[in-house]
Amino acid sequence: MELILFLIIGLTVIGAGMMVILTKNPVTSALYLTLAFFGLAALYVLLGAPFIAALQVMVYAGAIMVLFLFIVMLLNLRDKQTWELTTGMRRALGLVVAAGILLVALAAMKGLVSPPAPLDTDMGSPAAVGLALYRRFLLPFEVASVLLLIAIIGVVAMLKQKSPEQAPEGGGTDGRT
Amino acid sequence: MAFSYSDLFVIAPEIILTALALVVIFVELAWPRCEAALQAICAVGILLAGAAAAISLGVQTTAGFGSASFLNGMVAADGFSVFLKVILATIALLIVLISRSYFSNAPNQPTENIGEQKSASLVSRLRHSDYYSLILLTTVGMMVLASATDLVALFIGLETMSVGLYCLAGIRFERVRSSESALKYLLLGAFASAFLLFGIALIYGATNGATNFKAIVDALQGSFSSGISLLEPAPAMKGTPLLLAGIGFLLIGLLFKIAAVPFHFWSPDVYQGAPTPVTAFMSAGPKAAALAVFIRLFGWVLPGLSTVWAPMLWLIAALTMTVGNIIALAQTDVKRMLAYSSIAHAGYLLLAILAAGNPQVREAAAAGMLFYLTIYYLMNIGAFAVVYIINRARENSDYQIGDYYGLAAKQPWVAGVLALCLISLAGIPPTAGFFSKLYVFSAAVKAGYIGLVVIAVLNSVVSVYYYLRLVVYMYMRPLEKPLAARLTPTTAVALMICTIGILGLGLLPGGLMKQAQTGAAQIELPVPTVE
Amino acid sequence: MTFTPEIINLIISVGFALSVVAFVAVFVLIAIWLERKISAHMQDRLGPMETGGWHGWLQTIADALKLLLKEDIIPQAADRPLFKLAPFIVFTGTMASFAVIPFGAHLIGSDLNIGVYYLVAVSSLVVIGILMAGWSSNNKWALYGAMRSAAQMVSYEIPIGLSLLVPIMLIGSMSMETLTNAQAGGFWKWTLFSHPPFAIIAFIIYFWASLAETNRTPFDIPEAESELVAGYHVEYSAMRFAMFFLSEYANMFVVSSVATALFLGGWYAPFRFLDVPIEVGVIWHNLAGLAWFSLKAILLVCIQMWLRWTLPRLRVDQLMHICWKIFLPFSFANVLLVSLWIVLK
Chain E
44 MELILFLIIG LTVIGAGMMV ILTKNPVTSA LYLTLAFFGL AALYVLLGAP
94 FIAALQVMVY AGAIMVLFLF IVMLLNLRDK QTWELTTGMR RALGLVVAAG
144 ILLVALAAMK GLVSPPAPLD TDMGSPAAVG LALYRRFLLP FEVASVLLLI
194 AIIGVVAMLK QKSPEQAPEG GGTDGRT
Chain D
17 MAFSYSDLFV IAPEIILTAL ALVVIFVELA WPRCEAALQA ICAVGILLAG
67 AAAAISLGVQ TTAGFGSASF LNGMVAADGF SVFLKVILAT IALLIVLISR
117 SYFSNAPNQP TENIGEQKSA SLVSRLRHSD YYSLILLTTV GMMVLASATD
167 LVALFIGLET MSVGLYCLAG IRFERVRSSE SALKYLLLGA FASAFLLFGI
217 ALIYGATNGA TNFKAIVDAL QGSFSSGISL LEPAPAMKGT PLLLAGIGFL
267 LIGLLFKIAA VPFHFWSPDV YQGAPTPVTA FMSAGPKAAA LAVFIRLFGW
317 VLPGLSTVWA PMLWLIAALT MTVGNIIALA QTDVKRMLAY SSIAHAGYLL
367 LAILAAGNPQ VREAAAAGML FYLTIYYLMN IGAFAVVYII NRARENSDYQ
417 IGDYYGLAAK QPWVAGVLAL CLISLAGIPP TAGFFSKLYV FSAAVKAGYI
467 GLVVIAVLNS VVSVYYYLRL VVYMYMRPLE KPLAARLTPT TAVALMICTI
517 GILGLGLLPG GLMKQAQTGA AQIELPVPTV E
Chain R
43 MTFTPEIINL IISVGFALSV VAFVAVFVLI AIWLERKISA HMQDRLGPME
93 TGGWHGWLQT IADALKLLLK EDIIPQAADR PLFKLAPFIV FTGTMASFAV
143 IPFGAHLIGS DLNIGVYYLV AVSSLVVIGI LMAGWSSNNK WALYGAMRSA
193 AQMVSYEIPI GLSLLVPIML IGSMSMETLT NAQAGGFWKW TLFSHPPFAI
243 IAFIIYFWAS LAETNRTPFD IPEAESELVA GYHVEYSAMR FAMFFLSEYA
293 NMFVVSSVAT ALFLGGWYAP FRFLDVPIEV GVIWHNLAGL AWFSLKAILL
343 VCIQMWLRWT LPRLRVDQLM HICWKIFLPF SFANVLLVSL WIVLK
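Sequence lines, in order, name chains E, D and R.
Using the working numbering, the letters of the first sequence map in sequence onto residues 44 to 220.
Using the working numbering, the letters of the second sequence map in sequence onto residues 17 to 547.
Using the working numbering, the letters of the third sequence map in sequence onto residues 43 to 387.
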């Protein structure tokens, strides 16, 4: 039962992931990404970590994907302006790189002699996640808040001085103004 | 216990800087247009942070818990990381000092510029505190990165640093070049971060769930006892493909951050487009922080696999110095030239990482790297500060070498500082640049990389050409355009610090080197205390 | 065929799910009729009076039938697959929330230990559905509506999450059943009244933010008939429109029942003697719980309707101002104070 579910969900995730890069329309591709995120959340449930699954849905599908869609829609890439970035040369190069990474990944899988240690059944509970965040990863957790602070300050600083039409094009010396 | 008050000591510099960043914002909110006060607050705060780092080391040494682990082994509290924190604090201090009036027309600025009124209204909306707090918070990220002893702390420190730099590069968003620089850096940097994270995930898998450096060492040695002395040569490790792939990806991420050659394409464009004080910051800070964790990781965690990574790194180091120096020869834009020169210096610094792969000389290599980094930021920030001054005076959008013709006649002091920095960058005695190269090269020779050192020395010879070309232009060409460069007092102080540092450490390198050796000898990998 | 426990479980689950769908459908029919009547009486009108005789009680059913029988029109320039899919995603997101709503002592789809969190998470599905609907319609009003709606829902999710955290912290669980059971024994035991300052602030913030989450007046700028025609579902007709409508009203019930379960004692009566004890019979016990729960939730729904016909619509900037500058700081301060209180207690 679990294996069947895993196969179905896993194939869905892979399929959705493929569609993300294969579709021409950016909105469709963003929505496929959402599907992939939901699939991942389902995999977390299978692993016995419903809290992490809910986190995944809320953070990725809820917040990040909405921002993605927002930006794609604001750019308003309609039918004609689909992504025309892939020339033959680039596609070939991309294929080579992807094949290389796949090879590395396969080799890495093959080297995985012993199966990973069995998971703690309590792994995905809210308490376990909380303890991990506030005890084991206390410092990274706190530094993450510094990271967010930087992002807030940076965005405010950059966008407060908009209106690029008025600025001298490419001109203006460093520090002259 | 996961947390105790002694943990606060270890991260005191970071805490001070974060608090300071908030204070700066609120100070400007209460008293707008008081850049001098902001600068003073930043300077004092950074000095406090540096002092806190030094004191925390002193407290630990006297209290005798130098090797204890803090914050669950996320960051090291050893002499090495404290040395780096002091370096990073000084970098931040110098950048704060040279950034005066970047976003405003302070009364002491020349006001006859054309088009100034036009863009003044744009710039006046930008608050100084944003810029200064970004500098401070980015420094926090660098400090975490430099002292990280856990892959999670490494990643979050790296991201904090990078996001701060993306924002700083684009802080003059209304300028096409600045926003282009920020975008390029962001896109490529995010790509590199993804590689790094993938590498971390693979290593996590290969070591049965270890992210802590010490835990990785234990897992790789197949023993979970922590009784193995770190000073002994590390026994050969199991190099499973999973682990090797992880290390490869990790290497890509780190090499990107220090702009080593196959991953250097972003750096000239980003350096050129970013505001000059930010460029100075970018060329000094991230390199120091990333190399610190680099040497800790490859010299102390993965030396057992040096047969695998050393040849790769050998090639990259050779390429980095050669490509950096040769392309720098062709540059006519001073900022780009300095960008390529900093790529070349990254190549020299990689020698230290390579040497650290040999357990006998790794301390010498780390000490040499610390010394090199100290000198490197002094000369680089000094050079960029002068570029910034000249560029302001010239009112150009680019940094052509023609701007420097005859500088010495008009501005003897400024030209003198730049000449000193360039000579030091070239590594000519008696400047400190000579000793920094000497220490790193000698460590590499001891580790047996004689061929690479020969390449490095040849490269240094090549680099003399383009460094001295600028010096020659400054002193031997006639002045082409009038020049009204003015030094703000704070910039003068910063230049003074750089000059004294370069000359003083060139004449008496012993004191700093001793400190560096003490720091390097204390490198620890703290154990995680909580599972 | 043998009835293994799994199969019995499966049958029970499916049966429960179907009865929830039926319940929602009935509720929505009543709620729409109720809203029309309430609005009419508030405006000194009578509202629907003809269909079905007594006070036009069959009006909604007639409307629903009409919607079901109408032609399903898809605009030519629409992104067809997305356009077709969007209402189902919104509907799924809403219906998924019902899995953890505790209608009675044993009437809960699945008592997840992360129940409240699950609710907040699945509600994000609705946002994606709305964005899809707005974008695929290829209509600027629809797109505006979808953008506003998404911005609003994503923003207001934060104060909602933070104010839901207050009862969670006070009781110490995220399971809906545990949260409700902790409030047994009279209305003074309900979270709202047992921890006065924090819970009341949290409840007020939750209730207001939930109005925004369900796109109700005064936060109905995504639909704003007078400026945006009908927002994201302007191009929808027939069945698909009915699904949006259904999920909107179902969503009202969801947010109200979360408030009921977390703040207003869930299925417990305000006084102990009004509860039907379990000794009388499990079925009666549960039915009484269901009655009390529905009563409280529908009361809250009525308050939502009352507000809709009382307050004017906010502007976009006012909406964001309220969220980020009033609700958010207050809910942060509230969470901070609660944690302080718990530590010091």
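Please keep in mind that the hints were generated in silico from the structure rather than gathered at the bench.
Take these hints with a grain of salt, some might be off.
Derived Cβ-Cβ restraints for the label pairs, each shown as a range [claimed, not checked]: (1) L45(D) - A187(E): 42 to 48 angstroms; (2) T134(R) - G91(E): 47 to 53 angstroms; (3) G225(D) - E113(R): 57 to 63 angstroms; (4) A187(E) - P47(R): 54 to 60 angstroms; (5) A170(E) - I516(D): 37 to 43 angstroms; (6) H363(R) - G91(E): 38 to 44 angstroms; (7) V198(E) - F207(D): 47 to 53 angstroms; (8) P327(D) - A171(E): 40 to 46 angstroms; (9) L117(E) - A52(D): 39 to 45 angstroms; (10) P505(D) - H363(R): 40 to 46 angstroms; (11) W96(R) - A171(E): 34 to 40 angstroms; (12) V322(R) - L117(E): 58 to 64 angstroms.
Straight-line alpha carbon distances no greater than 30 angstroms define the calculated DSS-like cross-link-like pairs of lysine-lysine that follow [unchecked claim]: (13) K203(E) - K182(R); (14) K67(E) - K497(D); (15) K200(D) - K203(E); (16) K367(R) - K67(E); (17) K203(E) - K367(R).
Beta carbons are placed, not taken as given, at the ideal position from N, Cα and C, and that holds for glycine.
Tested hints:
Checking the proposed 42 to 48 angstroms range against L45(D) and A187(E) shows it is violated: the Cβ atoms sit about 25 angstroms from each other. Under the hint 47 to 53 angstroms, the C-beta atoms of T134(R) and G91(E), about 24 angstroms apart, miss the expected range. In this structure the supplied range 57 to 63 angstroms holds for G225(D) paired with E113(R), their Cβ-Cβ distance being about 58 angstroms. As the Cβ distance of A187(E) to P47(R) is approximately 44 angstroms, the hint placing it in 54 to 60 angstroms is violated.
Distance hint for A170(E) and I516(D): a CB-CB separation of about 56 angstroms, inconsistent with the stated range 37 to 43 angstroms. Range check, H363(R) to G91(E): about 43 angstroms between beta-carbon atoms, so the 38 to 44 angstroms window is met. Between V198(E) and F207(D) the C-beta distance comes to about 21 angstroms, which lies outside the given range of 47 to 53 angstroms. Between P327(D) and A171(E) the Cβ separation comes to about 42 angstroms, which falls inside the hinted range of 40 to 46 angstroms.
The given range of 39 to 45 angstroms is respected by L117(E) and A52(D), whose C-beta atoms sit roughly 40 angstroms from each other. Checking the proposed 40 to 46 angstroms range against P505(D) and H363(R) shows it holds: the Cβ atoms sit about 43 angstroms from each other. Between W96(R) and A171(E), the C-beta spacing of about 56 angstroms breaks the proposed range 34 to 40 angstroms. Take V322(R) and L117(E): their Cβ atoms lie about 59 angstroms apart, and the range 58 to 64 angstroms holds.
Between the alpha carbons of K203(E) and K182(R) the distance comes to roughly 28 angstroms, so the proposed pair stays at or under 30 angstroms and holds. Restraint check: the Cα-Cα separation between K67(E) and K497(D) comes to about 54 angstroms, which exceeds 30 angstroms; the hinted pair is violated. Distance hint between K200(D) and K203(E) is fulfilled; the C-alpha atoms sit about 21 angstroms from each other, no more than 30 angstroms. For the hint linking K367(R) to K67(E), the alpha-carbon distance of about 40 angstroms lies beyond 30 angstroms, and the restraint is violated.
Taken as a hint, the K203(E) and K367(R) pair is honoured in the structure, with Cα atoms around 19 angstroms apart against an allowance of 30 angstroms.
The structure does not agree with the numbered hints 1, 2, 4, 5, 7, 11, 14 and 16 stated previously, though it agrees with the rest.
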